[in-house]
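Using the sequences plus the hints, can you model the full thing?
All the letters of the sequence shown, read from the start, carry residue numbers -24 to -1, 1 to 955 under mature numbering (1 follows the signal peptide of the UniProt record, and there is no 0).
Worth double-checking, as some hints may not be accurate.
[As the list claims (entries may be wrong)] Derived pair list, reagent style SDA-like, types lysine to any residue, alpha-carbon separation capped at 20 Å:
hint, residue 1, residue 2
1, K136, T57
2, K127, W267
3, K594, L556
4, K294, W267
5, K607, A523
6, K127, Q108
[To be verified] Ranges of calculated distance between the beta carbons of each label pair, as one might list FRET restraints:
hint, residue 1, residue 2, range
7, N61, D303, 33 to 41 Å
8, S66, G276, 40 to 48 Å
9, P239, N61, 16 to 24 Å
10, K255, W77, 27 to 35 Å
11, I58, P261, 38 to 46 Å
Everything labelled a hint here was simulated from the structure, so no lab data went into it. Where is the CB? At the ideal position from N, CA and C, for every residue including glycine.
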Amino acid sequence: MYCGISWFIHVLLFLLTSSVYLNGSCLESAGSKPPRPIISELRANVATQSLVVKWLVNHTGLARESGDTYEIQVGRTDNLTIVHNSKVSSCPLGSDSMLTWTWVSTLPLQCADHSIRIRHFCSHADPSDWSQWKTNYGAQDRVDRVWKKTKMFPYQQVLKEGSTILFCCVPPRGIHVTNMTFNSTTSYPLINITHRVTAIAVHNLNITQASGSGVYSWCEDTTEKRNNYCSNFISFCPQRPENLSCGTEDLRTVICTWNPGRPANLYEPYKRTHTLHIKNSGEDPIKCGEWSCRFQAVPGLEWYHVSVVVRNQLGEEKQSYSFNITDRVFPVPEGVKVSPGVTEANVSWVMRGNLSGLELFCQVTADPVEPRRLTRLAEAADLQSTSMVCNGGSDERCDVSLEQLSPNTLYATRVRCAVRGNLEGEWTQPMHFTTYPLVTLDVWRKVRLLSHGQRNVTLLWTPQLSGSASSVKIQGYKVRWRQEGFQWILWRDREQTQTEISIGPGQCDMIIQAVIQPGSSPPGHITIPPVERIEYLRNATCVSGSASGGFHLIWKEQEAVTCGYTVEWCTVGSGVSCTLQWRKVPVGNTSVSLPAGDFKAGHRYTFDIYGCTDEGDKLLGIRTGYSQELKPVQSPRLVEPIRTTSSSVTLEWRYHEDDHSHPGFITGYLVTVHKTGSQRSPGHVRSPFTKMVADPHNKSLTIVGLQEHQKYTFHLSALTNVGPGPPTTVTVKTQTIPSILLAKILTPLLLLLGLAILLCLFWKMLRSCIVELFGYPAGMNIKPIELDRHLHETSERLRCLKVGDCVCSDIEILSVRPTMSERTPLIHPKLPLLSSSSTTIPSSSFCPVHPSSYSSSMSSSLPSLSPPYPSSSTQHLHQKGYCPHSPTEVWDSSVQTSLTNRSYFPSVGAEQSVELKPIRVTDSSDISSSPIKLSNLITSEPFEGPQLRPGSLLENIDGYITTDSLAKSMTAYMNGQSH
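Written out as structure tokens, the structure reads:
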């Protein structure tokens, strides 16, 4: 009996143990279902709208070669509508372990009930049965909780930027939601969650300026009330801190700093928080600020492992940092004091805390600042900086001296220290101080030699103030000089900058010093050399400056010069006394640049260069020049009378080329020559020419190559390097050469004389040529009619001449002197020949002639030609038909005149022979019936001139020509005049 009971107990225990091991685990045998999981806990996190579910896992008898797989479903509302389904896996952790899974809901958990169930999967078995539903109830009213108004969720929550959020309204029983709005104005379409709960979906939430104070939502229901609202906040997830660093100033307090990143937009109690954790100590977490955290150093702890955690309702971030505290010591000086001087300052301080045992390295700077604004004027490279080693013992002062400071200048000093080999610490706050003023005197002298070696010295000085922090008041000047063992002292007021002192011929030392308070003034010293050592230079070297650069003077280095050089200058030639100026040049330099602002254009300056020796200043050279030359302002003065020749003009002038008042160096003269008074063709421009005199001391010029008896205008002006000045103008006429004038007069006279001689020598030949060119054709001669003075009377008696109209024709008259044998009387062939002295004509045959036909003088010439038109008496004779007999007259003149009428002949060159038929007339009727024309009486005889044939009768006489009148007419015709 006892055995049976014992066997029954062992079987029961075995079954119980097997059930425990198989609960929730996969069996090794295939084909069996694993037990269903049992949910031990379901917890809701309203802040994050998440559900956390936990269940127990027993791995006894589990196939350990693979992990566990669980399927989890999330149901919503009383209907258990599946809103989420997923599978999760877990690795075997031990015989018994608790698994946890978190699900975040898009719908606020207060809006509806959410239930979770789980089932287990094994690799070679069917899934287990579902566990029981585990429900998290929403905020709807129940029997034990009755609402009186509609509520909206989420409420007073931090919403993530950029996410999509569902807002729901849960009204009391019997009330329905009609409208929902977000952020005061925007309405959204309604989503039915249950028959009572309504929601809206808002996408991509944005942070606005109002997000820090909250965004609002409203629910409107059938009660027509709109006061059911809720507020929420929009923010972003925390960011990991950057540039985390820790250090200490006194080994007592540790300060950690970091960059928080994006600034927070929420306020308390929703603002993000920063917490520092010391991992390798048992210290509690330290609440920190937004940027830094301060905590006390842990005694005996050298290495620190810290982490900074940033947390808000949306999550958290963490950053870790490790350091050795002895390497992160940044000492801070305290109690900084400054004792200023003129060019130096003493700075002292003490170190905070007890840093004994640490070698500290400190740096001190003095920065010039603007007095009124207290701003730094110098860059980092220009700062006055001094470094030193300081003992870090408690209450032990460190001090340092800053040198080479500027007098009367405002400075700001700062100090920082660090452990040697480490990074430098933080600068202290600037401390301002002002250095004392310093007045230096720039001393020079002007020496004037008197009689007997006595000299008058004008001592000049210029106070030079350094800095501008404060005004400096000079009380006065103390002047001392020493000569030949004697010493004198003078006091001069602060307004004076020069004094005159009389000294002897020996060497004299002079000292002047400014008196100021507070501050100091170093004395100025100058030595006047003895008279016998003074050298006087006369020659000056010309230098050229520029309007932009001024003067640049260069000289040779002198071995005797031991204390520098001095360049003095003054404006010369301005007519007014100038202020002596000077510039000191340190020893070793042999050049100086004087700025253009100290000089005026067109003014001449003389520079004296002195070298400072042990016996005083010695004159080394003289320079003179202009900073900018201008054109001359004075014109040369011509010397009169001006010397001229027929081809040259000599100009002489007066000009003071070395006058210092000129606005530039006179480099020469320019003469411009214009030819005046001569005719020129229209449009032709008479081009002048110029002559230049390159030597300014040569004041004469001869211009050659000019035309005689011609006017020239000369413009004379002085030259500088810039150009010519105003000209002096003079007009001069060149002379005429006497021989040329005489030649001009005698040449036409000689030509006329030669022409006359040639005419006389070649008269006959010329006459024959003229006759051939302008006379009747060859062989035709006209002889002048030889009539006696009684021709008129004979004509009246004979009535043989008939007055008629004269034919206008061109007549050429040639005077020929015939021989006595050639003088043939004009007689009728029937009449007897008359004597040469007289002609007897019967009274019955006398032909009267009109009285006007006669010449005024009948004794010496033939009767003149008859008028071109017949008179009334002549017309009367013609009307009667009466023709007078041909008169017989003997030529008693030795000159024969030929008449040539070209109008009677067709051509001049034609050779024609005219034969006259002799007609005898016995009575007047015969004469009148057959008149003889004058052309029929013409014959031509070579070389003898025209003649009348003997025995020819005259018919129709055209006129009468006397020998003198004929000669005069010939002369007038030859001269081109009409008779």
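Hint-by-hint comparison with the structure:
1. A distance of roughly 27 Å separates the Cα atoms of K136 and T57; the hinted pair therefore is violated under the 20 Å criterion.
2. At roughly 40 Å between alpha-carbon atoms, K127 and W267 are farther apart than 20 Å, so this suggested pair is violated.
3. Distance hint between K594 and L556 is fulfilled; the C-alpha atoms sit about 17 Å from each other, no more than 20 Å.
4. As the CA atoms of K294 and W267 are separated by approximately 14 Å, the hinted pair is consistent with the 20 Å bound.
5. For the suggested pair K607 and A523, the alpha carbons sit about 15 Å apart, so the restraint of at most 20 Å is met.
6. Between the alpha carbons of K127 and Q108 the distance comes to roughly 31 Å, so the proposed pair goes past 20 Å and is violated.
7. For N61 and D303, the Cβ-Cβ distance of about 56 Å falls outside the hinted range of 33 to 41 Å, so the restraint is violated.
8. At roughly 44 Å, the beta carbons of S66 and G276 sit within the given window of 40 to 48 Å.
9. Range check, P239 to N61: about 41 Å between beta-carbon atoms, so the 16 to 24 Å window is missed.
10. Distance hint check for K255 and W77: the Cβ-Cβ separation is about 29 Å, which falls inside the suggested range of 27 to 35 Å.
11. Checked against the given bound of 38 to 46 Å, the beta carbons of I58 and P261, roughly 42 Å apart, stay inside it.
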